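**Q** Sequence:
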Amino acid sequence: MVKTYVGQWLYTFPWSQVVSGFWQKFPNPYTGHVLSEDTYYRTVTEDQKLISKRLLAKTNKLPRWGERLFYRGTASTIGFIIEESVCDLKQKIFTTNTVNINLKSLMTVEETCVYRPDKNDESRTICEKKVVAQGELFGFKTPLETFAIQRYKKNQELASLGLEFILHKLYLPQLPPPPVTGIKTPDTRTFSRKLSDKAKHLLKSSNNDTL
Numbered sequence: 001m002v003k004t005y006v007g008q009w010l011y012t013f014p015w016s017q018v019v020s021g022f023w024q025k026f027p028n029p030y031t032g033h034v035l036s037e038d039t040y041y042r043t044v045t046e047d048q049k050l051i052s053k054r055l056l057a058k059t060n061k062l063p064r065w066g067e068r069l070f071y072r073g074t075a076s077t078i079g080f081i082i083e084e085s086v087c088d089l090k091q092k093i094f095t096t097n098t099v100n101i102n103l104k105s106l107m108t109v110e111e112t113c114v115y116r117p118d119k120n121d122e123s124r125t126i127c128e129k130k131v132v133a134q135g136e137l138f139g140f141k142t143p144l145e146t147f148a149i150q151r152y153k154k155n156q157e158l159a160s161l162g163l164e165f166i167l168h169k170l171y172l173p174q175l176p177p178p179p180v181t182g183i184k185t186p187d188t189r190t191f192s193r194k195l196s197d198k199a200k201h202l203l204k205s206s207n208n209d210t211l
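At position 188 of the sequence shown (counting the first as 1) the number is 188 in full-length UniProt numbering, and the numbers step up by one without a gap.
Think of the hints as simulated: they come from the structure by calculation, not from any bench. Just so you know, these numbers come straight off a predicted model, no measurement behind them. Be a bit skeptical, because a hint or two may be false.
Listed next, the in silico DMTMM-like pairs over lysine to aspartate or glutamate satisfying Cα-Cα at most 25 Å (straight line) [stated by the list, open to error]:
#1 Lys92 <-> Glu110
#2 Lys25 <-> Glu128
#3 Lys153 <-> Glu83
#4 Lys92 <-> Asp118
#5 Lys92 <-> Glu46
#6 Lys169 <-> Glu122
#7 Lys141 <-> Glu110
#8 Lys25 <-> Asp38
#9 Lys129 <-> Glu110
#10 Lys129 <-> Asp88
#11 Lys92 <-> Asp121
#12 Lys25 <-> Asp88
#13 Lys25 <-> Glu110
#14 Lys92 <-> Glu122
#15 Lys119 <-> Asp88
#16 Lys49 <-> Glu110
#17 Lys92 <-> Asp47
#18 Lys119 <-> Glu157
#19 Lys130 <-> Glu83
#20 Lys49 <-> Asp121
#21 Lys169 <-> Asp118
#22 Lys25 <-> Asp121
#23 Lys154 <-> Glu136
#24 Lys169 <-> Glu157
#25 Lys92 <-> Glu128
#26 Lys25 <-> Glu157
#27 Lys154 <-> Glu128
#28 Lys130 <-> Glu84
#29 Lys53 <-> Glu157
#30 Lys129 <-> Asp118
#31 Lys53 <-> Asp38
#32 Lys153 <-> Glu110
#33 Lys129 <-> Glu84
#34 Lys169 <-> Asp38
#35 Lys119 <-> Asp47
Simulated DEER-style distance windows between Cβ atoms [unchecked claim]:
#36 Pro176 <-> Thr142: 38 to 46 Å
#37 Thr142 <-> Asn97: 18 to 26 Å
#38 Pro178 <-> Lys119: 21 to 29 Å
Glycine included, C-beta positions come from ideal geometry on N, C-alpha and C.
Let the hints inform the model, and build the full structure from the sequences given.
**A** Encoded structure:
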């Protein structure tokens, strides 16, 4: 049994700007939990599709009850994630898929996002999101899946607000940026180089399971 969440976000910017902003969204005031990002593969196909693969490192703190049972030191609070994306320039469809490559003994969380122009107004972009959480630890599958979905609901909103912040900064520089409220997480990206090295080592030893 797995838990699934489906959601949607509307950006008041055209598709081309949203896709361009996507690659420039880090850092922003809403994503202090994103520690590093590394693009390790990128190509343009003959049919004008941009295919990219990135390795992300994010803070991934367990709930208090989880810390008592599973805590293994600082490394257990860092999640390493593979992000694969396909940008179809002809059809104007941008699809991203992310999945964790560590902590899989606890659970696997996979997210798919599809960005398309709004059919009713092409100056806007709709992002359809789906996440699937599957617990792997016998006796704790349901609590882990519930926690993952609740955490995702919070983080996906922050991610969307962060992209909106960057879009305003890039394409509406004459206007003041949207106010940032309710963010207490410090920006910890100063650790990005160390984490990037660790992430690359983890990727190399992952036996290409998710590539």
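**Q** Give a verdict on every hint.
**A** Outcome of the hint check:
| no. | hint | result |
| --- | --- | --- |
| 1 | Lys92 <-> Glu110 | 23 Å, holds |
| 2 | Lys25 <-> Glu128 | 18 Å, holds |
| 3 | Lys153 <-> Glu83 | 18 Å, holds |
| 4 | Lys92 <-> Asp118 | 11 Å, holds |
| 5 | Lys92 <-> Glu46 | 16 Å, holds |
| 6 | Lys169 <-> Glu122 | 20 Å, holds |
| 7 | Lys141 <-> Glu110 | 16 Å, holds |
| 8 | Lys25 <-> Asp38 | 13 Å, holds |
| 9 | Lys129 <-> Glu110 | 11 Å, holds |
| 10 | Lys129 <-> Asp88 | 18 Å, holds |
| 11 | Lys92 <-> Asp121 | 14 Å, holds |
| 12 | Lys25 <-> Asp88 | 20 Å, holds |
| 13 | Lys25 <-> Glu110 | 20 Å, holds |
| 14 | Lys92 <-> Glu122 | 11 Å, holds |
| 15 | Lys119 <-> Asp88 | 17 Å, holds |
| 16 | Lys49 <-> Glu110 | 22 Å, holds |
| 17 | Lys92 <-> Asp47 | 13 Å, holds |
| 18 | Lys119 <-> Glu157 | 23 Å, holds |
| 19 | Lys130 <-> Glu83 | 14 Å, holds |
| 20 | Lys49 <-> Asp121 | 24 Å, holds |
| 21 | Lys169 <-> Asp118 | 22 Å, holds |
| 22 | Lys25 <-> Asp121 | 24 Å, holds |
| 23 | Lys154 <-> Glu136 | 22 Å, holds |
| 24 | Lys169 <-> Glu157 | 18 Å, holds |
| 25 | Lys92 <-> Glu128 | 14 Å, holds |
| 26 | Lys25 <-> Glu157 | 14 Å, holds |
| 27 | Lys154 <-> Glu128 | 16 Å, holds |
| 28 | Lys130 <-> Glu84 | 15 Å, holds |
| 29 | Lys53 <-> Glu157 | 23 Å, holds |
| 30 | Lys129 <-> Asp118 | 15 Å, holds |
| 31 | Lys53 <-> Asp38 | 9 Å, holds |
| 32 | Lys153 <-> Glu110 | 13 Å, holds |
| 33 | Lys129 <-> Glu84 | 15 Å, holds |
| 34 | Lys169 <-> Asp38 | 23 Å, holds |
| 35 | Lys119 <-> Asp47 | 23 Å, holds |
| 36 | Pro176 <-> Thr142: 38 to 46 Å | 45 Å, holds |
| 37 | Thr142 <-> Asn97: 18 to 26 Å | 25 Å, holds |
| 38 | Pro178 <-> Lys119: 21 to 29 Å | 26 Å, holds |
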